[in-house]
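Protein chains: 2
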Amino acid sequence: MADEQLQAQVAYEDLQDLQREFDEVETEIMRQQAKLTATLYERRAATVAQIPRFWPLVLEQAPPDIDQYIQPSDSALLLLSLTSISVSRFELDVAPQSLAISFTFAPNEYFTNDVLQKKFWYRKAMDGWSGLVSEPVRIDWKKGKDLTGGLLDLVIKAWEQDRGKVSGSLSAEQKSLSKKIENTGMGGASFFAWFGFVGRRISAEESVEANKIEAKAVADHKAGIQTEGSGHDHGDQEDEDLALEMSLEIFPDGDDLAVAFAEDLWPGALGYFSSAQEQDAMSDFDMESDDEAPDLAEKLDDSESDTVAPPLKKHRSQ
Amino acid sequence: MADEQLQAQVAYEDLQDLQREFDEVETEIMRQQAKLTATLYERRAATVAQIPRFWPLVLEQAPPDIDQYIQPSDSALLLLSLTSISVSRFELDVAPQSLAISFTFAPNEYFTNDVLQKKFWYRKAMDGWSGLVSEPVRIDWKKGKDLTGGLLDLVIKAWEQDRGKVSGSLSAEQKSLSKKIENTGMGGASFFAWFGFVGRRISAEESVEANKIEAKAVADHKAGIQTEGSGHDHGDQEDEDLALEMSLEIFPDGDDLAVAFAEDLWPGALGYFSSAQEQDAMSDFDMESDDEAPDLAEKLDDSESDTVAPPLKKHRSQ
Chain A
1 MADEQLQAQV
11 AYEDLQDLQR
21 EFDEVETEIM
31 RQQAKLTATL
41 YERRAATVAQ
51 IPRFWPLVLE
61 QAPPDIDQYI
71 QPSDSALLLL
81 SLTSISVSRF
91 ELDVAPQSLA
101 ISFTFAPNEY
111 FTNDVLQKKF
121 WYRKAMDGWS
131 GLVSEPVRID
141 WKKGKDLTGG
151 LLDLVIKAWE
161 QDRGKVSGSL
171 SAEQKSLSKK
181 IENTGMGGAS
191 FFAWFGFVGR
201 RISAEESVEA
211 NKIEAKAVAD
221 HKAGIQTEGS
231 GHDHGDQEDE
241 DLALEMSLEI
251 FPDGDDLAVA
261 FAEDLWPGAL
271 GYFSSAQEQD
281 AMSDFDMESD
291 DEAPDLAEKL
301 DDSESDTVAP
311 PLKKHRSQ
Chain B
1 MADEQLQAQV
11 AYEDLQDLQR
21 EFDEVETEIM
31 RQQAKLTATL
41 YERRAATVAQ
51 IPRFWPLVLE
61 QAPPDIDQYI
71 QPSDSALLLL
81 SLTSISVSRF
91 ELDVAPQSLA
101 ISFTFAPNEY
111 FTNDVLQKKF
121 WYRKAMDGWS
131 GLVSEPVRID
141 WKKGKDLTGG
151 LLDLVIKAWE
161 QDRGKVSGSL
171 SAEQKSLSKK
181 IENTGMGGAS
191 FFAWFGFVGR
201 RISAEESVEA
211 NKIEAKAVAD
221 HKAGIQTEGS
231 GHDHGDQEDE
241 DLALEMSLEI
251 FPDGDDLAVA
261 FAEDLWPGAL
271 GYFSSAQEQD
281 AMSDFDMESD
291 DEAPDLAEKL
301 DDSESDTVAP
311 PLKKHRSQ
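Those protein sequence lines, which keep their order, are chains A and B.
Okay, so the first sequence: first residue is 1 according to full-length UniProt numbering, each after it adds one.
Okay, so the second sequence: first residue is 1 according to full-length UniProt numbering, each after it adds one.
Hint data in this document are derived by calculation from the structure and do not stem from the laboratory.
Treat the hints with caution; some may be incorrect.
Stated by the list, open to error - For each label pair, taking beta carbons as the anchor points, the in silico distance ranges come out as:
#1 A:Asp114 to B:Arg43: 49 to 55 Å
#2 B:Glu206 to A:Arg31: 36 to 42 Å
#3 A:Leu80 to B:Glu209: 43 to 49 Å
#4 B:Val10 to A:Thr39: 17 to 23 Å
#5 B:Asp67 to A:Glu24: 27 to 33 Å
#6 B:Ala76 to A:Glu238: 40 to 46 Å
Built from N, CA and C at the ideal position, the CB exists for glycine as well.
With the rest of the complex left out, here is chain A (with noise of 0.2 Å):
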């Protein structure tokens, strides 16, 4: 028995090595993705931004990771300004996974903004952890019209205080922001509330050093030096700092829909639109209408339907 445990070890790291290496291919894989489909994009940008409504119409037919959070109010809002969005990769060369998503809007009654762009940094944390971490982006609402009932506003300041540092005691920006967030409850919460998603915090010094860190684990490991695990288990006061993190958090599950903008509704638009467009042919069905414009559905449909899902279409649990 002694000799299967041994055996059982040696694969148990096996694994680890391997998921590190299927890792470090899956980040060159999406780096060499973004960068072949680069141009096309540009292109896409230029082609769409002369149909009417592209955008509006991709949107209608998000999956459910995207439209569940977008209530009534914000349609209103997405479906009369919306003029563009685009999706970017800032760090490609270091960290591919971080994003950028931007949305372009018609001067409307909510806000006077014409770009709301969203960062999201992909970085790793001392204790192990790596994910997509965010800054609150300010809205200038219009009198009144603060789809988010003053919560955005409340992140600003709490951050703008300290830059989102949460440690010991909260400011009183901080108590009076996890109090409102406590009390309002955020199911329901409207889609812009996702602009004050920050996440963990975690700075770019942070992350640099726990990579850091990690290479030298993974280079003894290779040389068959022994270490002591090199993501440590997490101490009483960091479990609850990151409970006093969590209690400032207005949107979550702010990154899952980042990452859902980036790898679903951006590389799926084309398939989404000539969604909407059949859509909207069925509903003309009954009706003798002429169309003003050939039907993009029916032209792409067939090659769209029940086929492997490529990614660029309608994307799968890939």
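Since the structure of chain A is already known, use the hints to place chain B on it.
Frame of chain A; chain B shown alone:
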């Protein structure tokens, strides 16, 4: 207004070109990914072979788009006897979408096969459709143990007579298959009925021809030559044939399930295994137990949870 219409017309044509170019890049990325990960998958197979019940544990954590097709009686067989799963892309150069999915079994009370392999070919039809098609795979059930209740055998019988050709009127075997499917209703069918999936009847020859026609249309279009739409609409006869084909299908979503295996379970196996271990650890929480093996879940966990969900761990809608 006429100008605007013309502009929209041009934009729609550009979208079709763009979609095609996106598809081409996606195919190339798929090819590169397969090449870059090939040796990693080989190493993974060798490593997980040393871990008892690796694949059954992975399958227990399968996402809904796989799990929904596994009935309790399938589970019993799979959990006890499944020894490995592997996925290969056997037409990497011409069609990286084509898949072969193999399941290896220990001796069991249900069937005598050691290996069940299901192949899916990526084909293009003359009507413009493209997707995965397959051929039924026989399972040598032990007496009284057929989990499909005889349906899979009927599919094989009907298939063998004419290699799945469906036209005009059904053969006697096809009729009896169609009737049985109609009477059974396939909700709650065994996972093993999937081995009978056929999908659309598109021969390799038709696919080559359809690709040639499309390539010519694309070249003509680029050269500015007007052609009447390459994908023709279905005639009544073709619609009827399609309906007949569908009436013989015992697993209508067979292609989706193949893609879920290939793009989710297979690349994400290490992540699912780690979830299984995590769950196991949770249920042991209250017991004073000496772990027999180091807990991979604990080690993978930090980077696992709440990360950008690299497709190699838990798949999201990429």
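Quick rundown of the hints versus the structure:
1. A:Asp114 to B:Arg43: 49 to 55 Å: holds (51 Å)
2. B:Glu206 to A:Arg31: 36 to 42 Å: holds (38 Å)
3. A:Leu80 to B:Glu209: 43 to 49 Å: holds (47 Å)
4. B:Val10 to A:Thr39: 17 to 23 Å: The hint (17 to 23 Å, Cβ to Cβ) holds, given that Val10 (chain B) and Thr39 (chain A) are roughly 19 Å apart.
5. B:Asp67 to A:Glu24: 27 to 33 Å: holds (30 Å)
6. B:Ala76 to A:Glu238: 40 to 46 Å: holds (44 Å)
In summary, the structure agrees with every hint in the numbered list given earlier.
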